[in-house]
Amino acid sequence: MEAFADFWATYSTLIFTVGIHALLALSLWLTLSCGLLSLANAAFMGIGAYTAALLTLHLHWPFPMVLAAGALAPAAVALVIGAPTLRLSGVYLAMATLAFGEVTRILVLNLDITGGPEGLNGIPLLTTWWHIVLILAAAGYALARLRRSRMGRAFEAIREDEVAARMMGIDVEGHKLAAFTLGAVLAGLAGALNAHSTFFISPREYGFENAVDILTMTILGGISSLIGPVLGATILTLLPELLRFLHAYRLAVNGLILIGVVLFLPTGLWDSRRLRHLLRAWRARREGQP
Amino acid sequence: MNRATKHLLFAAASLLAVSAVAGDLKIGIAEALTGGAAQYGVPIRNGFQLAADEINAKGGINGNKVVLVVEDEQGKKEEAINVFKKLIFQDKVLMIFGPTLSNSMFAAGPVANAAKVVAFGTSNTANGISEMGPYIFRNSVMESDVLPVTVRTAVKHYKIKKVAVIYGNDDAFTKSGYDVFKKVLEDQKIPVTTTETYVKGDVDFKAQLTKIKATNPDAIICSGLAEEAATLMVQARGLGLKAPFIGGNGFNSPKLFEVSKTAGEGTFVGSPWANTNPTPANQHFVAAYKQKYGADPNQFAAQAYDAMTIAAAALKSIKVTGNVATDREALHVALPKVSISGATGPFKFRQSVGKDGKPAGYDADQTPFIYVIRDGKFVLFTGK
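Order-wise, the sequence lines are chains A and B. At position 280 of the first sequence (counting the first as 1) the number is 280 in this note's numbering, and the numbers step up by one without a gap. At position 14 of the second sequence (counting the first as 1) the number is 1014 in this note's numbering, and the numbers step up by one without a gap.
Certain hints may be false.
What the hints assert, rightly or not - In silico DMTMM-like pairs for lysine to aspartate or glutamate, Cα to Cα no more than 25 Å straight-line:
id : chain 1 : residue 1 : chain 2 : residue 2
1  : B       : LYS1026   : A       : ASP112
2  : B       : LYS1355   : A       : GLU102
3  : B       : LYS1182   : A       : GLU2
4  : B       : LYS1092   : A       : ASP6
5  : B       : LYS1092   : A       : GLU2
6  : B       : LYS1076   : A       : GLU2
To be verified - Quick look at which bits of chain B chain A covers, simulated, 3 or more residues with Cβ under 8 Å:
id : stretch
7  : 1125-1136
8  : 1294-1302
9  : 1339-1346
If you are wondering where the hints come from, they were derived from the structure by calculation, not from laboratory data. All residues carry an ideal CB built from backbone N, CA and C; glycine is no exception.
Kindly generate the complete structure, drawing on both the sequences and the hints.
As structure tokens, then:
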């Protein structure tokens, strides 16, 4: 029991980070499932984090309400900026959302209430393990149900062929906005949970680099199922920590592993089709030589 | 066995070597050794290593050897927390030096404070660091202690009536430096002709400088890092702006001269450390650092070196029992009483007051050195 207490004391923040990153990867998975390559999710996380932290620090709201506000604030922003920007597609959408992310970062940098570049410190530690488990489980369940629902099928149709989807009578704009906004909700929740588990937030945590980090987690894990993004987030968060014993070499080894995955598994680590294929081949071989 | 396996085994072996022998004093070092902040973190680590090696060469502290457990926190807040937790709960160190950046300290400091372990910053200059709790220490001198002296000295020397201000507004360090400058100028009743801003990575400051030139100030106050400040100086001279610069701690880097050459002549800068300070403690430090690392030390290495000396003095005064919790607390009680005369001159702690009005952590109580740039070098200003 003491061994576990020691382990938990050392690694609890790391485990929290895994959960929060998984939530972020899922938020991007949701926007990607509708064919939208968005780089705005880091900014949505930031909006959620700042909203939540400010409500806790200044108005002392109860934590569940803080979390709700942290989810709704970025959703409201997503609704407003989504309407014009989602008319773009592919790399143009990526550029527009990237610009939005930068505008958000610079705004936060220059406002007084957000503490400018010095950020906000002294945020109380309110996130506990069950908050993260509960929210992650709820998000996972909701997304799994969504995939098989009318809306999820519509997302998939839009991703595969926008024109064909429109011809079938799917409201393309509405569904895109829904995917974008729901993604913002999840990213905002992740931001609120992160702010209340690390004591401190600053604008540099929600910039371009982090948008790319989220994208890497999702793509590395694979977007063919919900397991992929969670797996990608877990690996990318744990790997640098597991390699700590390599000291100076660890970032180099970390990078080599990533290059290896991208070269040899271009569809991501968890590709359900490939896994099914492997399983079938394995079964066939076993039946071949009993 | 191939080379990679050998390296791996070596890494594993060195990890085992760190695990303590009874009587070892384990001290955690959490600094940014990779990433953007490594330019500060690496000299800091070197300063600690140098001091620890010297202590051990003299037979340790009361016969106990100092063992450094060095971890890389990459200048990121999550990493800083992870490293702090590893050092506290797994390596069971007596105290932790670091992290490098103030931002990381804001994230990791509360962890150490809650676990009742001393976190000792040597490079955190932001306001509010020591307010976090009684276990937070630093020997880095705050800008609010340095800049009033710098400004007063420069104003007297150049008979300055009005100044222009320019600063980087997207960086925690340069923005808080500006806040201090602003307050100092108000306190010393010096009118500001104009206040201009730029962002990190800017290379063209001509628009801001042209505006500044039009207001005809007697001096330009600049809160920026060496890279941008150097370019700023060159462009100012190019525009025929002759007013001298007054800078903050960000100027204290040899990088300033790589670009600016002689454009920075007459600039006033305050620093907690002077490499030419003739005291024996400093001369010894500069020579020993150069011999060990083949490079000139900077202010960050000097502060780390002194911090280790401070910790050693505290450790010498306590009786190490081997019970980690008892020893950590004894060290926490002994540290504030330490006063030394190190590479950065005479040093003692000053207790700060927390947000709740209760006594909190400890700041440095030191007088800064004032430099003026002459012939492309920092020269200690002696009033002439």
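Results for each hint:
no. : hint                  : verdict
1   : B/LYS1026 to A/ASP112 : violated, 42 Å
2   : B/LYS1355 to A/GLU102 : violated, 33 Å
3   : B/LYS1182 to A/GLU2   : violated, 52 Å
4   : B/LYS1092 to A/ASP6   : holds, 11 Å
5   : B/LYS1092 to A/GLU2   : holds, 14 Å
6   : B/LYS1076 to A/GLU2   : violated, 29 Å
7   : 1125-1136             : holds (count 3)
8   : 1294-1302             : violated (count 0)
9   : 1339-1346             : violated (count 0)
Of the hints listed earlier, those the structure fails to meet are numbers 1, 2, 3, 6, 8, 9, in rising order.
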